[in-house]
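A.B. asks: For reference, the chains in residue letters:
4 protein chains.
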Amino acid sequence: MISVGVIGCGYWGPNLIRNFVENEAARLAWVCDTDERRLAEIGRRYPSARATPDYRQVLADPALDAVAIVTPVATHHQFARDALAANKHVLIEKPLTTKACEAQELISLAADRRLTLMVDHTFVYTGAVRKIKEIVESGEIGDLLYFDSVRVNLGLFQRDINVVWDLAPHDLSIMDYLIEREPVGVSAIGSCHVEPGIENIAYVMLHFADDFIAHFHFNWLSPVKIRRTLIAGTKKMIVYDDIEPTEKVRVYDKGVDTRGARDRGDREDDYRTLISYRTGDVWAPQIDPTEALHYVCQNFLAAIRGDARPVTDGAAGLRVVRLLEAAQESIKEGGRLIAL
Amino acid sequence: MISVGVIGCGYWGPNLIRNFVENEAARLAWVCDTDERRLAEIGRRYPSARATPDYRQVLADPALDAVAIVTPVATHHQFARDALAANKHVLIEKPLTTKACEAQELISLAADRRLTLMVDHTFVYTGAVRKIKEIVESGEIGDLLYFDSVRVNLGLFQRDINVVWDLAPHDLSIMDYLIEREPVGVSAIGSCHVEPGIENIAYVMLHFADDFIAHFHFNWLSPVKIRRTLIAGTKKMIVYDDIEPTEKVRVYDKGVDTRGARDRGDREDDYRTLISYRTGDVWAPQIDPTEALHYVCQNFLAAIRGDARPVTDGAAGLRVVRLLEAAQESIKEGGRLIAL
Amino acid sequence: MISVGVIGCGYWGPNLIRNFVENEAARLAWVCDTDERRLAEIGRRYPSARATPDYRQVLADPALDAVAIVTPVATHHQFARDALAANKHVLIEKPLTTKACEAQELISLAADRRLTLMVDHTFVYTGAVRKIKEIVESGEIGDLLYFDSVRVNLGLFQRDINVVWDLAPHDLSIMDYLIEREPVGVSAIGSCHVEPGIENIAYVMLHFADDFIAHFHFNWLSPVKIRRTLIAGTKKMIVYDDIEPTEKVRVYDKGVDTRGARDRGDREDDYRTLISYRTGDVWAPQIDPTEALHYVCQNFLAAIRGDARPVTDGAAGLRVVRLLEAAQESIKEGGRLIAL
Amino acid sequence: MISVGVIGCGYWGPNLIRNFVENEAARLAWVCDTDERRLAEIGRRYPSARATPDYRQVLADPALDAVAIVTPVATHHQFARDALAANKHVLIEKPLTTKACEAQELISLAADRRLTLMVDHTFVYTGAVRKIKEIVESGEIGDLLYFDSVRVNLGLFQRDINVVWDLAPHDLSIMDYLIEREPVGVSAIGSCHVEPGIENIAYVMLHFADDFIAHFHFNWLSPVKIRRTLIAGTKKMIVYDDIEPTEKVRVYDKGVDTRGARDRGDREDDYRTLISYRTGDVWAPQIDPTEALHYVCQNFLAAIRGDARPVTDGAAGLRVVRLLEAAQESIKEGGRLIAL
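Protein chains in written order, with our numbering: chain A, 1 to 340; chain B, 1 to 340; chain C, 1 to 340; chain D, 1 to 340.
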């Protein structure tokens with residue numbers, strides 16, 4: 001059994017705690033939070049775990065194998081560095097760090113000590129995203145043309161981080177996982193309508209070496225909740241709507257084919273006949289409804305044992321942080337294209 | 001009765017013809033199309049109108065008061081210039097022209113001759129958009145924060161013009177009408193997945209002097225049809241969903257207020273209590289279902305008689321063409337911000 | 001070419017006229033309506049057809065092959081009897097007649113004279129219903145368990161006929177076509193909220209010899225428009241939603257299986273494990289978007305030529321009229337089961 | 001503080017336990033379940049409560065004020081009678097009992113001993129239903145015309161009780177609360193497709209002295225989940241859609257008015273002009289999102305203190321049981337109308 005400590009018991013921490021407790025391969029050894037009241041609450045719920053407000057006390061336990069760091073992002077780098085230095089495997093809440101150089105340092109440190117470093121890109125582990133991955137990899141949708149994602153709602157405004165750092169890790173990690181292509185540039189625009197200096201709406205565009213494009217709309221100030229991603233391929237197209245209770249993924253047998261020859265007649269109709277539209281069946285595959293965090297914990301534990309590689313390893317975390325940094329820089333510079 | 005000729009009987013022309021025929025203030029005198037077969041078809045349907053493949057013959061009729069030009073955009077400038085020179089009032093299908101300088105010339109020409117020049121920005125005349133205008137002007141939604149529009153579907157690919165020139169006139173004219181603010185810059189990104197050189201997907205961003213922003217997604221290659229605009233104000237927010245059969249406009253009594261003071265506690269919760277979310281009723285006003293073109297024709301005829309001003313006059317057409325030109329230029333330059 | 005006359009140019013007649021005109025196998029010879037103004041209007045639109053307010057004049061034309069009767073239902077029997085007596089093939093708007101005995105008489109008359117008698121059960125010819133038929137016949141959904149149909153909206157109130165006679169022919173004919181089973185009884189309840197004696201809401205239940213059941217909700221006084229049919233089989237289930245613009249038919253790989261054995265434990269959980277739920281993919285087949293009336297006319301013309309049998313023949317019309325009569329009788333008797 | 005014991009810790013019991021624990025006016029004194037494993041589980045979660053598999057031990061505690069009975073319906077009568085006999089206030093999970101005479105006995109017993117007897121008709125306490133009540137009582141929708149409810153999904157099959165006893169208490173109690181009218185008869189039809197003798201689909205119709213009608217569709221074997229109620233009034237109409245995440249209640253300013261006079265012309269159009277359709281705004285009021293059980297517990301505790309009357313008292317429970325009994329009887333007799 002792998003002995004795990006969870007540092008940070010705020011909004012997301014208790015979900016990780018619960019999933020480690022329910023996992024037979026793990027033993028929850030420590031819970032840690034600087035908020036004494038919250039710590040006491042969690043302590044009562046899990047009396048077999050030791051509780052402390054000081055994360056160093058957790059790391060000092062020689063019997064502890066691994067820690068999950070679920071604290072504000074500004075603290076990730078220090079906590080993770082100290083944990084790796086103390087020879088603990090580390091799972092970090094997204095985003096991995098606030099700077100790419102920090103992420104790079106953690107990756108090196110983990111590699112040197114042969115420790116598992118993993119980032120909790122939760123959505124990658126959902127049944128919906130895993131099913132889309134399967135479809136994309138099967139070649140069924142053909143070559144990818146674009147990725148368009150909208151994640152908007154009347155959001156919980158965050159302190160210190162803007163809507164990009166809050167919401168973009170979800171969609172950027174999903175794209176990173178599904179597309180497996182490296183963008184060559186980022187441009188982004190944002191606006192602060194509520195808190196000066198904290199963007200509550202942002203549009204992020206990723207540029208690639210060819211005509212593939214990816215675009216994202218993040219918004220904390222939308223009257224309606226939309227979480228929809230369009231993924232177009234040359235053969236088929238996918239709509240991933242996370243609001244749908246059951247049919248979250250739909251595969252459309254739709255598309256456009258063109259012919260080489262082309263009549264130069266005067267009427268639109270002449271031309272249109274040379275574009276051939278395909279409109280076929282729609283298919284909504286069954287989605288594994290298991291909580292994504294279950295697979296996050298399972299993957300982390302398997303990686304520690306050497307039975308698997310982390311699906312969202314330090315390198316994945318670094319790629320997302322690089323995009324976040326570049327998007328932030330572009331917003332500051334009024335939308336200038338930032339080369340990667 | 002105002003005597004009207006319609007030049008161009010392709011996809012949209014017959015709709016204008018029908019609306020002029022049904023309007024008691026107008027008399028359809030001429031129909032014109034270079035496609036003889038189409039012309040004959042329309043001629044049979046409206047035997048009282050004269051038919052000709054040559055628009056010059058239409059303009060040469062001294063008894064004719066006005067023409068509607070419903071031809072490919074590349075011909076708008078020449079046809080309209082000739083019509084104004086022949087002392088005819090002119091209604092032009094959107095977009096007004098392919099270049100701002102051409103639009104400017106038409107405006108001057110019409111002004112000099114005291115003729116009505118009007119552009120058919122049809123959506124401005126819909127019950128939905130007029131209702132939104134009414135709500136915005138009432139002050140009910142407060143100061144405007146952003147305008148976000150998505151117009152995507154598996155579209156009819158056009159020859160010679162891209163998705164921006166095809167779809168953006170709709171949303172840009174709606175925004176121009178509703179917002180009444182002048183953007184200071186445009187940036188846009190597009191990609192050509194089907195026809196080289198003809199963008200089938202594009203994202204357009206309008207920059208303003210303050211933190212108001214407007215963003216548009218145009219797409220001919222989407223598996224699903226979405227036509228949704230979010231308009232956020234400091235007091236309320238509007239969703240305009242043109243796909244909805246009846247409740248096209250919804251007003252959400254939702255928003256966020258902030259307090260000046262702010263506790264610098266360690267926990268997110270401390271901060272969140274200082275942001276106050278408003279979530280109230282939703283209201284879907286009844287929308288006038290009358291065909292928008294009815295009002296377009298009515299407005300055009302009233303303007304000719306001097307009884308009204310065109311809601312979408314040459315200047316409105318020019319403003320939209322300027323945005324289209326700038327968006328096109330930005331796409332060519334990889335998204336560079338084009339100052340207006 | 002088959003020469004056709006259309007008797008009745010009200011709401012539905014012009015649609016049939018247009019479809020006969022567009023069909024190369026037919027020639028529109030006569031149009032007929034007692035409303036002179038309407039007749040003149042139609043006459044102008046189709047100048048090659050002869051126009052008369054007197055249906056007897058139509059029937060007297062020895063060159064005429066067939067008539068379509070699109071008049072109020074009370075006139076169907078007389079007009080059709082006279083037409084058959086004049087040796088014309090007959091297509092009648094649904095419902096076939098107001099009484100089963102009348103329908104029976106028409107069937108006999110047509111059989112005696114070897115004429116085609118067909119009823120315009122339009123929905124049977126839609127792409128959606130034909131696709132469902134294909135799925136049901138393939139055995140894919142297993143044995144049928146129930147048929148549940150809701151057709152409600154804020155309807156156009158009819159004079160003289162109630163909501164059952166107005167709306168039920170649609171769903172009863174769809175069911176008759178898809179299910180191919182004879183009900184053994186009908187019970188129905190209705191209420192008159194607007195016009196005394198004219199039910200605007202009704203629930204109709206068909207009883208069968210086994211545990212299959214069919215239920216219908218018809219309503220002219222609903223705030224929302226719903227046209228949804230659930231068809232459950234032992235293997236799969238179908239939802240037919242006619243409001244959906246494209247995905248009108250969905251096939252759900254869902255169901256319940258039971259095991260013979262059963263633990264008599266105290267807890268619900270013990271039992272539930274013995275019911276096995278299947279929840280698999282959802283599939284929305286592509287639907288032929290061709291206007292159903294096109295196929296109605298095509299089928300009628302082919303039947304006249306002897307190339308096909310009418311899909312909705314006099315017998316189909318009679319079966320629906322029998323159900324309507326029984327439903328009406330049951331409503332009058334407060335819901336008493338009427339044996340068939 | 002009122003001392004409460006909860007008898008039955010299956011599916012619903014823990015929800016009541018949690019709500020009593022969170023209510024400051026209550027103290028959870030006992031938990032009881034015959035399933036030792038489940039009891040131990042609950043015991044660990046609430047160590048301050050005493051745990052026993054024998055409900056008699058709970059009732060024997062002289063310090064206990066009240067019990068909540070959340071056991072299979074067949075046990076309700078005995079457990080509640082014993083509890084009242086032991087001088088405990090009683091809250092019973094819906095439906096109150098399996099027979100009306102049992103419910104009557106409990107009501108008398110509670111009245112004699114001046115004890116609170118309340119049934120957990122949870123939906124009555126939801127924000128949505130309370131808001132509808134407010135609207136109905138305000139007179140805004142006019143006189144009620146009909147109540148139509150559909151509650152279908154791929155359900156958890158119950159042992160021993162059919163879909164009517166499982167689902168109908170929800171909708172019947174909602175109707176009873178909203179409509180405040182006594183039905184004069186019940187007819188119902190059901191079918192058993194999975195378990196012999198246990199209906200998985202049923203249609204229930206309530207008959208009233210006038211032309212108001214109420215109809216219900218209950219179904220455990222539906223491919224889709226629908227929970228929608230239409231409530232029509234002479235002035236407005238309400239749609240209550242419990243699946244909607246936020247806009248559960250919509251008020252439609254729609255309806256039909258008739259005129260006394262009526263032209264006896266030949267055409268439908270002549271008549272239609274005399275029916276006047278109103279189609280106005282749609283309004284979705286904000287709904288209190290508080291968990292309904294919170295108000296159930298609050299109302300029960302207030303009733304015990306004498307500060308309030310139970311909204312869903314024994315009489316309400318009895319009215320629902322009477323309808324369930326009659327519906328069951330009608331199903332057995334093939335849909336015969338059962339007078340109340």
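For the record, the hints were derived by calculation from the structure and aren't laboratory data. Hints may contain errors.
Said to hold, decoys possible - DSBU-like cross-link-like pairs, simulated, lysine-lysine; straight-line CA separation at most 35 Å:
(1) C:K133 <-> A:K225
(2) A:K235 <-> C:K332
(3) D:K332 <-> D:K99
(4) A:K133 <-> A:K99
(5) C:K99 <-> B:K225
A.B. asks: Does each hint hold? Answer for all of them.
C.D. replies: Hints, verified against the model:
This hinted pair does not check out: K133 of chain C and K225 of chain A have alpha carbons roughly 38 Å apart, beyond 35 Å. Pair hint K235 of chain A plus K332 of chain C does not hold up; C-alpha atoms about 58 Å apart against a cutoff of 35 Å. For the given pair, K332 of chain D sits about 16 Å from K99 of chain D by alpha-carbon distance, which is consistent with the 35 Å threshold. At roughly 28 Å between alpha-carbon atoms, K133 of chain A and K99 of chain A fall within 35 Å of each other, so this suggested pair holds.
With a CA separation close to 46 Å, the supplied pair K99 of chain C and K225 of chain B exceeds the 35 Å bound.
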